[in-house]
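Novice: Sequence:
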Amino acid sequence: DPAGVLPGFDYDVTDENCLLALKVDNGKLVSPGGIQYRVLVLPNHQTLSLAALKKVDTLLQQGVQVVGLKPLHLVSLMGGRKAQSVFRRLADAIWGRDVSAKGERKYGKGVVAWGISARDFLMSKGLVPDFKVEGNPAADAFDYIHVEVDGKQFYFVCNQTEETQKIACSFRVSGLQPELWDALNGETRDAKAFSQHDGVTTLPLCFDPYGSVIICFNRPISDTAHGET
Numbered sequence: 001d002p003a004g005v006l007p008g009f010d011y012d013v014t015d016e017n018c019l020l021a022l023k024v025d026n027g028k029l030v031s032p033g034g035i036q037y038r039v040l041v042l043p044n045h046q047t048l049s050l051a052a053l054k055k056v057d058t059l060l061q062q063g064v065q066v067v068g069l070k071p072l073h074l075v076s077l078m079g080g081r082k083a084q085s086v087f088r089r090l091a092d093a094i095w096g097r098d099v100s101a102k103g104e105r106k107y108g109k110g111v112v113a114w115g116i117s118a119r120d121f122l123m124s125k126g127l128v129p130d131f132k133v134e135g136n137p138a139a140d141a142f143d144y145i146h147v148e149v150d151g152k153q154f155y156f157v158c159n160q161t162e163e164t165q166k167i168a169c170s171f172r173v174s175g176l177q178p179e180l181w182d183a184l185n186g187e188t189r190d191a192k193a194f195s196q197h198d199g200v201t202t203l204p205l206c207f208d209p210y211g212s213v214i215i216c217f218n219r220p221i222s223d224t225a226h227g228e229t
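Sequence positions in the sequence shown follow this note's numbering and run 1 to 229.
Simulated from the structure, these hints should not be mistaken for laboratory data. Every residue gets a Cβ at the ideal spot worked out from N, C-alpha and C, and that includes glycine. Among the clues, some could well be false.
List of simulated lysine-lysine pairs, DSBU-like, C-alpha gap at most 35 Å [stated by the list, open to error]:
#	residue 1	residue 2
1	Lys55	Lys132
2	Lys55	Lys192
3	Lys125	Lys82
4	Lys166	Lys23
5	Lys70	Lys152
6	Lys70	Lys82
7	Lys70	Lys125
8	Lys132	Lys70
9	Lys132	Lys166
10	Lys55	Lys102
11	Lys23	Lys125
12	Lys109	Lys166
13	Lys166	Lys102
14	Lys192	Lys109
15	Lys125	Lys102
16	Lys70	Lys55
17	Lys152	Lys102
18	Lys106	Lys23
19	Lys54	Lys82
20	Lys106	Lys82
21	Lys23	Lys109
22	Lys28	Lys82
23	Lys166	Lys152
Okay, the calculated beta carbon distance ranges per label pair [stated by the list, open to error]:
#	residue 1	residue 2	range
24	Leu6	Gly126	17 to 27 Å
25	Ser222	Ser117	34 to 44 Å
26	Leu72	Cys206	48 to 58 Å
27	Thr58	Thr188	13 to 23 Å
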């Protein structure tokens, strides 16, 4: 979990080439493929290239949220003392000169925070987990992927254990009818038992050993509607 977001949130790992290609739309990071992200998480080793640090500066100026410790080391000697000096000045401008173990700071239109996990940062901003298994399952018992296609929300949830599992799952979606899609036989059906509360839909699910299910939130419904068991 290099991004520090588990459980409940998902992430992608990037390299410098992808980082330099990121755009900003309404405070969110946008990849060349159109995928949007809420937060950029920096590596913990506190080493960046000057190009990467300049990109972080640009993203923050445009309203992005960044989580990560102040970078202390330039990744190469390219550019000599001048590059080192520019690197230090830019890091000081973003994080400040005297940095505490934990903090948060406005910079440009964005925010930089450090000494906190990305998960705790997101939740401190009022963002509930995108996916949650109610109760106390093992941290690695379930995995999921969430994508949006034409306003429809698709979750692929997979049982990572060799045991049959009956659980209740919560999804950060409301106002849409949940449907259960079987990728093996193509069967689709409305989820009968579900509830909605505070922008979250919860429904019971049953998994075979290492089984999976696709949950599609499809047709609009009232955000106060509930299913029947």
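Novice: Each hint should be assessed against the structure and marked as holding or not.
Specialist: Hints versus structure:
no.: 1; hint: Lys55 with Lys132; result: 33 Å, holds
no.: 2; hint: Lys55 with Lys192; result: 48 Å, violated
no.: 3; hint: Lys125 with Lys82; result: 38 Å, violated
no.: 4; hint: Lys166 with Lys23; result: 41 Å, violated
no.: 5; hint: Lys70 with Lys152; result: 39 Å, violated
no.: 6; hint: Lys70 with Lys82; result: 19 Å, holds
no.: 7; hint: Lys70 with Lys125; result: 21 Å, holds
no.: 8; hint: Lys132 with Lys70; result: 31 Å, holds
no.: 9; hint: Lys132 with Lys166; result: 14 Å, holds
no.: 10; hint: Lys55 with Lys102; result: 23 Å, holds
no.: 11; hint: Lys23 with Lys125; result: 22 Å, holds
no.: 12; hint: Lys109 with Lys166; result: 45 Å, violated
no.: 13; hint: Lys166 with Lys102; result: 40 Å, violated
no.: 14; hint: Lys192 with Lys109; result: 44 Å, violated
no.: 15; hint: Lys125 with Lys102; result: 16 Å, holds
no.: 16; hint: Lys70 with Lys55; result: 14 Å, holds
no.: 17; hint: Lys152 with Lys102; result: 38 Å, violated
no.: 18; hint: Lys106 with Lys23; result: 20 Å, holds
no.: 19; hint: Lys54 with Lys82; result: 15 Å, holds
no.: 20; hint: Lys106 with Lys82; result: 27 Å, holds
no.: 21; hint: Lys23 with Lys109; result: 15 Å, holds
no.: 22; hint: Lys28 with Lys82; result: 32 Å, holds
no.: 23; hint: Lys166 with Lys152; result: 25 Å, holds
no.: 24; hint: Leu6 with Gly126: 17 to 27 Å; result: 19 Å, holds
no.: 25; hint: Ser222 with Ser117: 34 to 44 Å; result: 36 Å, holds
no.: 26; hint: Leu72 with Cys206: 48 to 58 Å; result: 50 Å, holds
no.: 27; hint: Thr58 with Thr188: 13 to 23 Å; result: 44 Å, violated
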